[in-house]
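Trainee: Protein chains in written order, with this note's numbering: chain A, 633 to 957; chain B, 5 to 329.
Source of the hints: derived by calculation from the structure; they are not laboratory data.
Mixed in with the good hints, there may be bad ones.
To be verified - Far from chain A, by Cβ distances over 12 Å, these chain B residues were calculated:
{"#": "1", "residue": "LYS99"}
{"#": "2", "residue": "LEU124"}
{"#": "3", "residue": "VAL246"}
To be verified - Chain B is nowhere near these chain A residues, computed Cβ spacing over 12 Å in every case:
{"#": "4", "residue": "ARG639"}
{"#": "5", "residue": "ILE681"}
{"#": "6", "residue": "GLU682"}
{"#": "7", "residue": "THR739"}
{"#": "8", "residue": "LEU747"}
{"#": "9", "residue": "ARG755"}
{"#": "10", "residue": "GLU815"}
{"#": "11", "residue": "GLY818"}
{"#": "12", "residue": "PHE855"}
{"#": "13", "residue": "GLY896"}
{"#": "14", "residue": "ILE954"}
As the list claims (entries may be wrong) - Cut-off 20 Å, straight-line C-alpha distance, at most; resulting in silico cross-link-like pairs (EDC-like, lysine to aspartate or glutamate):
{"#": "15", "chain 1": "A", "residue 1": "LYS685", "chain 2": "A", "residue 2": "ASP664"}
{"#": "16", "chain 1": "B", "residue 1": "LYS220", "chain 2": "B", "residue 2": "GLU206"}
{"#": "17", "chain 1": "B", "residue 1": "LYS50", "chain 2": "A", "residue 2": "ASP664"}
{"#": "18", "chain 1": "B", "residue 1": "LYS203", "chain 2": "B", "residue 2": "ASP145"}
{"#": "19", "chain 1": "B", "residue 1": "LYS224", "chain 2": "B", "residue 2": "GLU206"}
{"#": "20", "chain 1": "B", "residue 1": "LYS174", "chain 2": "A", "residue 2": "ASP664"}
Note that the Cβ used here is the ideal one computed from N, Cα and C, for glycine as well.
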Amino acid sequence: MAGFLLRRLVNYVVLALVATFLAFTLASATFDPIGVLQQRNPPPPAASIEAKKRDLHLDQPIPQRFVTWMGGVVQGDFGRTITDRPITDELGRRVGVSLRLFLLGITIGILFGVLLGVVSAIRQYKFSDYFATLFSFVLLSTPVFVLGTLLKMGAQGINDSIGTNVLIFVGETTPGFQGNWFEHLGDRLQHLIVPTLAIALGQIAYYSRYQRSSMLDVLGSDFLRTAQAKGLTRRKALFKHGLRTALIPMATLFAFGFGLLVVGGTFTERIFGWFGMGDWLVTGISAQDTNITATVTLFVAVCVLFSGWLADVLYAALDPRIRVN
Amino acid sequence: MTVILNEGDSAGTTGAASGSPVDAAPEPGKAMTRGRLVLIRFARNKLALVGLVLIVAMYLMAFVGPFLTKWSYDQQDYTAFLEPPYSEHIFGTDKIGTDMFALTMRGLQKSLIIGLLVALISTTVAAIVGAAAGYFLGVADKALMWVVDLLLVLPSFLIIAILSPWFRGKSWFLLVLMLAAFQWMITARIVRGMTLTLKEREFVKAAKFMGQPARKIIAKHIVPNMASLLIIDATINVGSAVLAETGLSYFGFGVQSPDVSLGTLIGLNAESATTFPWLFLFPAGFLVVFVLAVNWVGDGLRDALDPTSTRVRRKEKKDTKEKAA
Numbered sequence: 633m634a635g636f637l638l639r640r641l642v643n644y645v646v647l648a649l650v651a652t653f654l655a656f657t658l659a660s661a662t663f664d665p666i667g668v669l670q671q672r673n674p675p676p677p678a679a680s681i682e683a684k685k686r687d688l689h690l691d692q693p694i695p696q697r698f699v700t701w702m703g704g705v706v707q708g709d710f711g712r713t714i715t716d717r718p719i720t721d722e723l724g725r726r727v728g729v730s731l732r733l734f735l736l737g738i739t740i741g742i743l744f745g746v747l748l749g750v751v752s753a754i755r756q757y758k759f760s761d762y763f764a765t766l767f768s769f770v771l772l773s774t775p776v777f778v779l780g781t782l783l784k785m786g787a788q789g790i791n792d793s794i795g796t797n798v799l800i801f802v803g804e805t806t807p808g809f810q811g812n813w814f815e816h817l818g819d820r821l822q823h824l825i826v827p828t829l830a831i832a833l834g835q836i837a838y839y840s841r842y843q844r845s846s847m848l849d850v851l852g853s854d855f856l857r858t859a860q861a862k863g864l865t866r867r868k869a870l871f872k873h874g875l876r877t878a879l880i881p882m883a884t885l886f887a888f889g890f891g892l893l894v895v896g897g898t899f900t901e902r903i904f905g906w907f908g909m910g911d912w913l914v915t916g917i918s919a920q921d922t923n924i925t926a927t928v929t930l931f932v933a934v935c936v937l938f939s940g941w942l943a944d945v946l947y948a949a950l951d952p953r954i955r956v957n
Numbered sequence: 005m006t007v008i009l010n011e012g013d014s015a016g017t018t019g020a021a022s023g024s025p026v027d028a029a030p031e032p033g034k035a036m037t038r039g040r041l042v043l044i045r046f047a048r049n050k051l052a053l054v055g056l057v058l059i060v061a062m063y064l065m066a067f068v069g070p071f072l073t074k075w076s077y078d079q080q081d082y083t084a085f086l087e088p089p090y091s092e093h094i095f096g097t098d099k100i101g102t103d104m105f106a107l108t109m110r111g112l113q114k115s116l117i118i119g120l121l122v123a124l125i126s127t128t129v130a131a132i133v134g135a136a137a138g139y140f141l142g143v144a145d146k147a148l149m150w151v152v153d154l155l156l157v158l159p160s161f162l163i164i165a166i167l168s169p170w171f172r173g174k175s176w177f178l179l180v181l182m183l184a185a186f187q188w189m190i191t192a193r194i195v196r197g198m199t200l201t202l203k204e205r206e207f208v209k210a211a212k213f214m215g216q217p218a219r220k221i222i223a224k225h226i227v228p229n230m231a232s233l234l235i236i237d238a239t240i241n242v243g244s245a246v247l248a249e250t251g252l253s254y255f256g257f258g259v260q261s262p263d264v265s266l267g268t269l270i271g272l273n274a275e276s277a278t279t280f281p282w283l284f285l286f287p288a289g290f291l292v293v294f295v296l297a298v299n300w301v302g303d304g305l306r307d308a309l310d311p312t313s314t315r316v317r318r319k320e321k322k323d324t325k326e327k328a329a
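In isolation and in its complexed conformation, chain A is listed as follows (with noise of 0.2 Å):
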């Protein structure tokens, strides 16, 4: 078991090297950071440009860059951005916002989307199954930037007609809040809503269709029928045989999801105007610097490789053949 672990570990530690030297690559080969500088009026002394082409080791072959950066990254030194500032030190605040979004958005979709795709199989084309259905079909053809958005028109409705601003869209904390450590969290969590649910309404209806038919599946099964014949109740025989049966095969879809959730959250950082990761992405590559691009990717892949290995030990607690080979 242990052993199987540490070897997928090992797995994601390469596939996320490899990922990062891609970007790395295909951001160093296509941007043109020295044409930007160049554009720039008044157009920079040429002795400028030469020192930022140094700076940058754009006299060097890629790989060899990668290996410079790679080398300060092991370090914990990720380089500096183009307007030459440390990109270490805003590193940690974007991880904290992007992963505070993140965590809250992916626990709340999958904990939701199971219980959805649970209720539609078991009360399968009822009202409730139609409507669930429906929903998801919705909500999966919306993509974020129209559903934050019209999250977004939605809170101001609703602060317009209360009177006061109880959702807040903009940023993730006001600017220059005075309060105890309880009333920052009141303000924190009244800015917290209405990004979180643009991110998890899309994680509910993606996991709920796949928990649907895999419960779907395990209903028509024969040891769910042994079960109840041996004299388990109906609600106990479908949680503790039904569910726990149905829930391997999302177990992998976990790591799937967290894929589509990084790029969600581009766009949700994005409206709402958050500085994570995502919207660092965005900058990055407007800006086209190589270090932050390649920071980013970095970020998502150990997420996405994370959220993989995590679910290899999910994979591995819920099937017990795993276990055994």
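Take the given structure of chain A and dock chain B to it, following the hints.
Mentor: Just chain B now, with coordinates in the frame of chain A:
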């Protein structure tokens, strides 16, 4: 009436699976061909029919729509800035006085063309690569599996966004190629799995022993037997391609001006959605309704083409019971 539900042998309407003995079933007297069966099943699904009508209507609208208004997308009405919808401009106008209906139609046209092209290209590539990988196994197969794994870590959104400075100012067709280049892998993996089982079937072996070259076996026996999967996949891919394109365009990483797509329109107007909702709601509405319609049709096709899907089987059992009674 006997309905043959032969698992795994889901040939399209072409009758290409004539090598399989079981498929020769419907006698010429009875008009129940597989094509008709699929059509009847599809027509039974109300949502799928609604979706189909919507898709056809939207493609028609995208090309006929621009002629329905006297305003053109590049023409300004200096007497109407930021006007909400009224008789002269049925979708309102933006801040420089452009007719929103003309703009939305133009955006819709671009988004729908991109979606269709990407789906066609990516499904074709997926069929060829997946079948070849599954048939020959070996290095190509390993490479394919690995690339799919890598894509989970490095979302295609990220890669295309990184590459966007490179195709800025070039033809939008490059964007189509980029989107297609990253959409075929997961389908290819499914195709590979199906090829692995198909390759053991008698009709493939027979062809092989008769001396057919591998290229012909793949083209004549393996790919046609996955027609239903490919049709479903191509349909769903239209939706995901449109979502991917609009997502990239939202940030300015996709379709570039002077071209307009639903994504660029939504991206430009999302900020002002709370004050000037018509700028955002019309393009967003078209996007959501289109993707929703595609998903409905995809779902209906899956039920109609895939005999193993539970819903159809249950309904059919019920139907035959009712007929027997």
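Trainee: Broken hints, numbered, in rising order?
Mentor: 3, 13, 17
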